[in-house]
Every structure is written in C-alpha cells, then in structure tokens.
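Asks: Next come the chains, spelled out residue by residue.
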Amino acid sequence: MKALRPYCGMLVLLGLARIVAAQQQEPAPNEVPGVPISNEEQGSAPKFESLSLPSAEVLLAEPPVDWVVLINSDTHFVEPVQPRPDTVAKMQAAHEASLQWPKPPNEADAREQQRRRTQLLKLPITLLAADIDPEYQVDIKYVQKIVHYEDLILQRVDERIAAADTATTYRLLRVIEERDSNWPGAEDRRRALISLEADLALRNGRLEDALRWLEVLAERDREYRNLKERAGTVADSLIAAAVAENDFRRARHFLARLSAIFPSHSVVEQWTARLLGQTRALLDDASRATEASDWRAAADLAFRASRIWPATPGLMERHRAAANRWPVLRVGVVDHPSADRDLERWARLREVRLFEPVAFADGRLRYRSRVVADWEPLDLGRRLDLRLRATPAPWESRDSLTALDVATTIRSAANGSTSESSVSGPWIDGRVSEVVSSIEVSSVDSVSIRFRRAPFRPEVMLGLPVIDHTGARISQSWLASTAISGQPAFMRTVPESPADGNRHVAEVIETSYPETDALLQALTRGDIDMAATPAWKDLPRLEEDSRYYRVQLAVPAVHVVVFHPESVPLGNILLRKSLQMSVPRGEVLRDALLADANPAYGRLVNGPLPRQHAAYHRVLEMPTYDPLVAAALALTAKKELGEAWRPLRLEVPHDPRLRGVFEQLQENWKRVGIEVTLSESGAAGEPPDISYRVLRTWEPLIDFARLLTFDPSVSPAGLSRLPEALRTPLRQLELDADWAGAVRTLQFIQEAALADARYLPLWEVDEFLVVRRNVFNLRSPPLWTYDGVEQWLIRPWYPTETP
Amino acid sequence: MMTGHILGTFRIAALLAISLEPATTSAAEFGLTPVSLAVEWSWEGMREIPESRRRELEADFRQLARRTGGPAISWHEGPIEDASDELVLFHISVSPADVGVSFQLTLNDRLTPANRPVLIEHVGDLADLPRKAMRKMLRLMPLRARLSELFDERAVLELQAGELAWGDPELDPLPKGGYLQPFLVLRDRDGVLKSTRPIPWTWLRVESRDGGQLTCEILSGIRQSLNARQRGRVEVLAVRVDPTWWPGGTVVHAWRLSDPPRPWGLLAVDLRQDEPASDSENPASPPRSFLADRDGRISISAASGGIVWLTAQSGAQKLARVPVLAGSIDELRLELPDDSPRLAVEVAVKSLEQDLVVTVATRASLVAAARLAAKAERWTDVDRLLDRLSKLPTAKVYRDRLNGLRVNGLQVADDRKDRLGRARIEALCRQMGETIDRYLNDDPLRQLREELSELRAASSNETPAKAPPKP
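So the protein sequences, as listed, match chains F and H. When we follow this note's numbering, the leftmost residue of the first sequence carries the number 1058, and every step to the right adds one. When we follow this note's numbering, the leftmost residue of the second sequence carries the number 622, and every step to the right adds one.
Isolated chain F (complex conformation):
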C-alpha cells in the first residue's frame, strides 16, 4: 500500500458531493449486467442499485473484485480489501480498542497516537482503473457497505444450486475454498450442493451414489433437513434390490451403512428383523432336511443361512453340524466354456481309471492304480496278470469293480481299429488293439492280459477310464450334477461312511467368474474356498494374506499353438513356417500373460513338453522370431495357395487370463499379412485351422500322437494326416521297448515336428491353486486341480465380518 496521498481528501469530498447529487438523480441503468462499469467510462462511480450480480464465468475468469459502496450508493470496484470478512466492523472494533491505548508521556507522542487512531478508521483501497493512480483511503464513515468478492460468489452459488448446475457450483465453491474455506455461508452452500447431488443421483436411479452423498452430508450435518428420511428411502431400495437378487452380503452392506449414520433408523430395524427371520427359517428348513437325512439340502440351507445373517444366534453350531455331515468344496474358476462341453478337469474328476498318474518324478509321470491291487508281468512281459482290490478304500468314491469290468474296458479301447474305420469314439485307441492279443477273466478279481509284444510301461497304455463298448462309464468317481444354486457340481458316487467321523469332501461346486478380479473378490468375500484359476498377478498379494495358502501344481502347463493337419491352407509349409516365425514369444509372455506378475512364473519352451520332463529336448533351438522373413514366407505362401488362401481360424480355450495372448498372436500374424479369426473351443462352424492348447500333466508317450493328429483314438486315418517324417517316429514310439529309447524317439519327434512347423511351442507357466486355510489335506504337490480330492478335508467356516 502506498503512503497517504495529499489529495485523498479531494476524493472524499468528491464522494460526498456525489452522495448529495445522487439523492437528486435516478439510478442509471447498467448497460452490461453483471459487468462493473469503470468509473472512467461513466465519469463517475456507478450506483449500487444499478449493478447486477456478475455471471459465474466472469467471477471465475476475472481477478477478484470487492464492491465498496459509499453512503451515496456510489460503488467502487477495488481489489479485495483487508481485513475481511466484516471489514467495517473489524475496523471499528480496532478503533475502539485503540481508545484503551496507554496515555502518551508527551504531546508529540499524543499527536502521533491520535494520528494512528484516526488512521484505523481509514480503509485503504486499490481502484481497478488502470490509468489513474489507484491507491486511496476512504474513511469508513462514508462507507455504506462492502460487498466482498466471496459474497458475490455465494450469491451466484445460490442461483446455480437452484438451477441444479452442480458443475459450476463446484468451480465457484472451489474458489472460496482456496481463498478462505471458513468464509461465512460457504459451509451451508457445500451442504446444499451435496444434498443436490444426492437428489440428482436419486432422480437418475443411481441409488448407491445417492446413499454415498447422503452419507457425506450426514458427516457434515446429521440433522440436515429430511436427511434421515431420504437416507432411509435410498437404503431401503438398495437393500430390497439386493435381497431380490439373493445378494445378502450386499444387503447387509447397505444396512450397515445406514446403521452407521442412523443406528436406530426404522429401516435398519425392519430389515434386520426380516433378514434374521429368513435366516432362522432356513435354519429350521435345514433341521428338517437333517431329520429327513437329506444332508445335501441341509448343508445347502445352512450355507445359505450363513450368507443372509451371519450374526444369527445359534447359526454357527447348526452350520457346523450340517457342513461336517456334507462337506462342500466351493471352487471359483474363470475357464468355464460357453458351450456345453465336458472340460478335461471335469472328465478327470468323474472318471475311474485303471491306472492314473500320481506323481511326477525323475522327469516322468508315475502311475498307480486304485482298482488293481497288484500286477505281475509274466512270459517276458507278454502277459500281465492283474488282481483287483476286493473293496475300495473307505474314503474312495467308486463302486467295486469286477474283472469283467476291467476286461470290458480294455476290449472297448481296443475296438474299431481297422484301416477302414475312421475316427470314432475318443475311448478307442488303436494302439491298445494292436498290442493286446487276448483278455482272460480267470476269476471275479483276476484278469490276465496277453500281449502280441511286450508293451513298454503297460500302466501308461492301460491308463484307461473304466468304460463299456459304447463309451459309457461303467464306474464313476464323481457324478456330474447341478448344485441347488445352479452351478456345475460333482458329488461322490459312493457316499462316505468314515469310522472316525472325519468326512472328506462330499461335493464340489464350481462357480464361474467372468474375470479374475471377480474371482479374487469372491475368494476374499468367502464365497469360495479355492480359486482354481487365479491370475498370476494376484498371487503375491494372496500369498501375503494369512487367510489363504498357495499350492503349486507339480507340472507347469505348456502352451502350444498346433496347426491342424487337415487344414487346406496350412498344408503349405511356408505358411506354417511364417506363423511360427512371426510371434515374439518372450514379449507376449511378459506383456500379455504375465503382465504385472512375477516373470519367473513362465519360461519359453521349444516343444510341447515341460522343461522338467526327461524327454524335453535341451539341445533343440527355440523357434526363431523374424517378422521380415515371416512376411516374405507368407507372401510366397499366398501366391502358391492362390484361391485356397483365406483367413485362418484359431480355436482358443475359454480363459480370460489368456485373452491378451490371443490378441497379441492375432496382431503379430496380421503384421506379416496373415489374417486370423478367433473362435472359442467347441463353438459351431468350420473346423479350426489352428488350435491353442494348454497341456496340463499330459503323457507324451500316448498323447503326442493325439496332439499332432487331432485324433483322440490315434487311428490310422488320423495318422495318415501327418507326413512320413512324423508318422515314422510316432510309430516307433509305439514300438519302443525301453525308457531310453522312448526318450530318444520323443526328442526326435520334437525335432521333426518343429522342423515341419507342425506347431508353435510358446511357453510353460507355473500354475497354482489358492486355497482358504479351512481346506486342508491336499496332495502335495498336486498333479491337477482336484488331485486326491476324495481325501481333502474342510473345516466349517463362513464369513462373519461386516461387508
């Protein structure tokens, strides 16, 4: 502020003169509403009555301006004055306080004190006129009032709120927030704005948003007008909708939120009573089901009761009783197919196999049999005598099998392998029919198999599901069913009757989630006991959570893109080579599959075998990535194929975790000029040209031919699709009589298949299960998702925390 000017008195006089004059004149209309008219333009200051409220745009865009209204209504636009707010009152208060100053000792000091006292009544102002010296002082006795910039804004805020213009209101209130958040009236406007937001959300059907706004309003002022009624209405609607969808956790969530604001709200009391009543009704139903020995229904009812109102008195005991009698394993997955297809995981759960892999050791799968008690090779391996177990173990879920069942299984697998027969049932295996010469049932529990030649590892060849000649299962381990809640479920074929009362899993229910985020949420909410297909990026977080433990599958899954041998365009080697050379596998693995995850979970491979397999070809070079050459090869292939050139169809499994990989593959192939469309496995339409396979715990000794031919029965018709260079070693693999020979042959097949571009090996990825700690006794390490599930134990548990 500049020093006092000698002519300031003139201004004051001028002001007084105008006050007198103003009393004789009509107020001039303001030409531009809301825009202050400069003193210079008018030649005199505008009258306060002639001014209108500046628009929001002006208020936001222009520098802050206070209006100093003199007693003659002349209004001067000045830079924000100090002190503020209540400027005049504060100056007068300061002046009154100065009267209490101590009496000065001499006259000079007394004069000085008087001067300072007088000065306290003079308001320094800075006029906004650009071409005159703007610094003045005005005695406050001439000031009628001061309209502060903040008050102008608040007036405009009121107008905007009335117009339901929340965006401008926010901007205006933001200005006050920055200047002085405690400005008188600002808080009222904020509440009004929040209230408006709640009204708007409610009007637009955004009930959750409305409730959130009302919660915010309640934090500021619980007694705000109609707040309690409005919050009750909104929460009631939300709870009712959630209950209608049977999402009781969600209902409890809204109930808890309303209760946090208004604990004794009538809506809270009504819904609490209602949910409690529902829970009790279900528990009563569960008791009745238990009395009727319907353990499955009882467990389901108790589970549903625990979902509604976990705090129900007596729930824990009754839930425990029902869950102990019928332990249910709830599993969350993301890979359910859209079409009605039997997943490999489900098929494996249902089948009883003569021999099944139980461990991976020394670079190969090890087998055992639950059906066969012991087996003895005789006649230099040309005969195998099997003696069956008399009864299954108490925990096993299967019927007792007779020697006739075993003989039927082997005969069924050996059926239909003539050169004329085309690919038929997947249970038929031409290799079995070639090797097995005769089957003799010597007693109810003894089978003698004679072979034309001694098979290498008969337990691998006889790893057959127990089926009859039509492919129907003679015995099942787990029956496919539908859970009462509608999801795919599997129940023990034979109910368990344990001597010690410790029941193992009686039912497995799989729930499918569209994304891994939803799966993770379900796990943390306690909706599922195990996440069978967690995203790799979520694993570290889950590992740190003491509620869960992580189980790594014994063998990593190998991802491989296989080219169909019957595809006409892919009969062209150049096109296959081009597809093979155009994918930067390392980048795709890192950026698409393991994005935000530990890169050590995945490793590149040069074939479809996991790296820890004894037959993995360590010397074989990885497929090269060279888009330049790939594009040249694709161009040549296009010329050679002529009219046969068309977009290729890539068949992919339904797994949202792999979506990024599929897109990257498509993109890279497109970059070299190859158009590829995606279709999900099992979808109707033309047969695929390319198939994306995820190989989990597979047996290359018997499955390699299936992989390359796309023929599960490995018939001559299927093998005829392959060139001699592959057929010969595949045949040799069938004839190999020792492990060393089989390893050599497997490695040769990998060499030949890679050279002939029969597939594009991608990578192997470690796979995990994330299991809640109330599930235990898992096989370690498991070979597949439900490895030994018949012996898993579940401690009854349900989430009790407030959502």
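Keep in mind that the hints were calculated from the coordinates and are not lab data. Please read all numbers here as calculations on a predicted model, not as lab measurements. Don't take each hint at face value.
Straight-line alpha carbon distances no greater than 20 Å define the calculated EDC-like cross-link-like pairs of lysine to aspartate or glutamate that follow [as the list claims (entries may be wrong)]:
| id | chain 1 | residue 1 | chain 2 | residue 2 |
| --- | --- | --- | --- | --- |
| 1 | H | K971 | H | D1021 |
| 2 | H | K753 | H | D719 |
| 3 | H | K815 | H | D706 |
| 4 | F | K1179 | F | E1169 |
| 5 | H | K757 | H | D789 |
| 6 | H | K797 | H | E784 |
| 7 | H | K757 | H | D681 |
| 8 | H | K971 | F | E1697 |
| 9 | F | K1179 | F | E1192 |
| 10 | H | K1012 | F | E1678 |
| 11 | H | K753 | H | D863 |
| 12 | H | K753 | H | D789 |
| 13 | F | K1594 | F | E1623 |
| 14 | H | K939 | F | E1781 |
| 15 | H | K971 | F | E1572 |
| 16 | H | K971 | F | E1678 |
| 17 | F | K1179 | F | E1136 |
| 18 | H | K971 | F | E1808 |
Some chain F residues close to chain H (C-beta under 10 Å, calculated; not the full set) [unchecked claim]:
| id | residue |
| --- | --- |
| 19 | M1638 |
| 20 | S1772 |
| 21 | A1774 |
| 22 | L1787 |
| 23 | E1808 |
All C-beta atoms in this analysis are idealised placements derived from N, C-alpha and C, irrespective of residue type, glycine included.
Please arrange chain H on chain F, whose structure you already have, making use of the hints.
Replies: Relative to the frame of chain F, chain H by itself:
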C-alpha cells in the same frame, strides 16, 4: 489264404457219380471235356428226417443237377479216393434249424484251389433244399480254362466244356466281365498233380467269348505274369472267381521283408478303380489314400465289384502297385522290400529341404530389404543387412549336411546288401544336391554386393557436389 486251401473232413453219406474222367486232356479236347463233378451229402443231427426222405431229396437234387448241367457236367461214379485231381467235389452238410433246416456248401477243388467261401443257407420248406443247394453250387462252380495264347496284353483261353451246352440255355456262368484267377499246375511224368499255386497278383477279365474260347484282359502287378508256352509239365490254368464270394471284402496283409519279416503297420496305401498307365497320368477317379492298420492289414471293400489297384508307398517311393479282385478272396499277403534305410534318408532330406526353403526365403527378403535401404541411402542398414546375409548358411553347409546323410544311408544299405535302396538313396541325394545348387547359388549375392558398392560409391561422389563445404 490265397496260397492254401483246407479240405474239410469228408463224411460220405451219399455220392453222386456218373462217369470217370481222364487224368489230363489236350488243349484241343479241353473245350469238349465236361467238368467232372461229385457231391457228398451229410445229414448229421437230422434224425427227424427219415432215411427215405433224405434219399428222395438227394435224388431230386441229382435230377436237377443233370438238367442244369446237361453235357457240360459229368458226374463222378465210384469212390472219391479213386477220382482224378480234376474232380470237383462239393460237400453239402444239412443241419437242423429253429424252423426248417440249414445247409452248408463247401467245395474241394484240388486242381485250382482258390479260396472259396463256405456258403450257408436256411431252408424253410425241405422241398426247396435241392433247388437252393443247386443255386449255391453254381455260385462256387470252378469253371476252368487253359491258357492257349497271349497277344497284346490279352490272353486267349480254352474253357473247359466250353464247346458243350449247359442243360439250362439261360445259364452263363462266365459272362463278359467275369473274372478268372490263373494257376500254375505242375504234374509228374504220369500226369499226376504234384503242386498247384496261384500266379500272384494276376487276374483275367473276360472280354469276349466265342464258344469255348475266352479272350481276357490281363490285370497283373508283375511283369510277364503269364507264359502261353507250356514248359515241361507245367501248365497255366485259370479258374472262375467271383467278387461276391466274400461280401466283407478282402484284407491284404502287408509284410515288410526285414529279418525277420514283420507286418508293415501304418503302411501308406492308395486304392483306385483304374490302373493309370503312368504316374503322371491323371486317373479317372481320385485315389483313396489311407494307412494300413498297425498290424499291416488293408481292408478293401467288395462294394466296387471289380478290380481295385492297390499302391503301397514308403514316403515318396512307390513300393508296389497290384490289382486286387476284392471279394473274390478273403485274405492276401503283400510282401514288400524293407525300405527303412532309404526312408530314413528321405525323411532327413525332407527336413533339410524345409530348412533350405527358409534360408532361401530369408535370403530373398534380406536382399530386397538391402536394395530398398540402398535406394534410400541408409548405408548403416545396408551394412547390417549384408552382415545378416553373410551369416546365412551357404550352399556348402547344406551340401555337407546332405553328404553326411548320404554316407550314413549308403552305409546302412550296404550293410543290408540292399542294392535297390542304395541306388534310390543316391538318386534322392543327387536330386537334393541339384536343388541346393539351384537355389543357393552365390552369384546373386555377388551381384548384389557389387551393385551396392557401386551405388554407395555413386552416392558418396554425389554428396559433396550437392553440398560443397564452405571455406
């Protein structure tokens, strides 16, 4: 099997015998020689039919047979043991059925023992037995013909009893399009049959008949399968065969003549109706290609009702092309040379060829990219591309690899004394060597380097002219 025929146990219940036949006849007489025939009846387990009724039925059959055969058939009299080798002996065994009876007809033909089926039929009314048995007998009737002349891939044969009339003038047991299977028949000095065996993979299709003379097309998988000149006591006889005998078709067993021989599982075969004159000629009907099963069995349906040409392949090499009259015989044995040394080389050469394809494509794309970079005067890129080009495998590398395959393959073939395999390996490697030389010629690379050097020199000369340095 084609090579053997098993006689059933004879239980003589009744014997029809009309005349005795001479042991051999001259070619001129063959057309006038009736077929010597005998029929044995067996009524085992048929006690409910009285002896008198059986005799009555046999007499009815005899009468019907005489009427049908007329002078073309002569009925053997006396014990079977005394009959000549040319006797055609049928055995009819009647057995009870749920309703009526069923009978089984078998044929014993020692001279031309084609593998004929056992025919079984049910008879509801016993009075129908002679008629039905007669019809079945005609289906199996072994009409024989003697080779007399060969011309222009045709054979002229004299049909036994061809000059004689059948009792039933409507009956033509060997019409145009019918088939015969040739046999080599060896007799001793006394004209007694010593051995007889079919000429493998050879069939004769009747094109025309003039009285007792048949003109037939020779369909054979072997060269000079027939010789019209009688050598010593060996004569060529052909006997009628019928593709409807075995409705299930014919199973060909492929064997690999390794040491020891083994079934050739998953052998690649193709079947076609017509015989292409050469490999390059397009067949009228596309072949049906498939693999034998793991035991080397190739099942051929009898649906075509005629000759099917079977081609066996090992890799790109044709091992055999033989005709099969599917349905005329139940099983055949196809013996093939062990081709594994050559096949191993072929597989390895194929892999080499695929590598070569990629190298050639890489080289072409790098050359094109280098030219583009040179045009744009991106000399750093040109250097990088030339460096990549220099690191590509050269023709020498491929030739060395090929030579390694060749030497190993020849070694194995020599060890097995497989001269044919050796020659085929040599041919295969020679062909591949020419491919390597053609596609990995160094000249284009040399030209490229020269061209790029000139462009670079021109570019460096032009640059200062465009922008002379300021003093």
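Asks: All hints are to be evaluated individually against the structure, with a verdict given for each.
Replies: Hints, verified against the model:
| no. | hint | verdict |
| --- | --- | --- |
| 1 | H:K971 - H:D1021 | 15 Å, holds |
| 2 | H:K753 - H:D719 | 18 Å, holds |
| 3 | H:K815 - H:D706 | 10 Å, holds |
| 4 | F:K1179 - F:E1169 | 16 Å, holds |
| 5 | H:K757 - H:D789 | 16 Å, holds |
| 6 | H:K797 - H:E784 | 17 Å, holds |
| 7 | H:K757 - H:D681 | 15 Å, holds |
| 8 | H:K971 - F:E1697 | 19 Å, holds |
| 9 | F:K1179 - F:E1192 | 12 Å, holds |
| 10 | H:K1012 - F:E1678 | 17 Å, holds |
| 11 | H:K753 - H:D863 | 18 Å, holds |
| 12 | H:K753 - H:D789 | 16 Å, holds |
| 13 | F:K1594 - F:E1623 | 38 Å, violated |
| 14 | H:K939 - F:E1781 | 13 Å, holds |
| 15 | H:K971 - F:E1572 | 46 Å, violated |
| 16 | H:K971 - F:E1678 | 18 Å, holds |
| 17 | F:K1179 - F:E1136 | 16 Å, holds |
| 18 | H:K971 - F:E1808 | 13 Å, holds |
| 19 | M1638 | 8 Å, holds |
| 20 | S1772 | 8 Å, holds |
| 21 | A1774 | 6 Å, holds |
| 22 | L1787 | 9 Å, holds |
| 23 | E1808 | 8 Å, holds |
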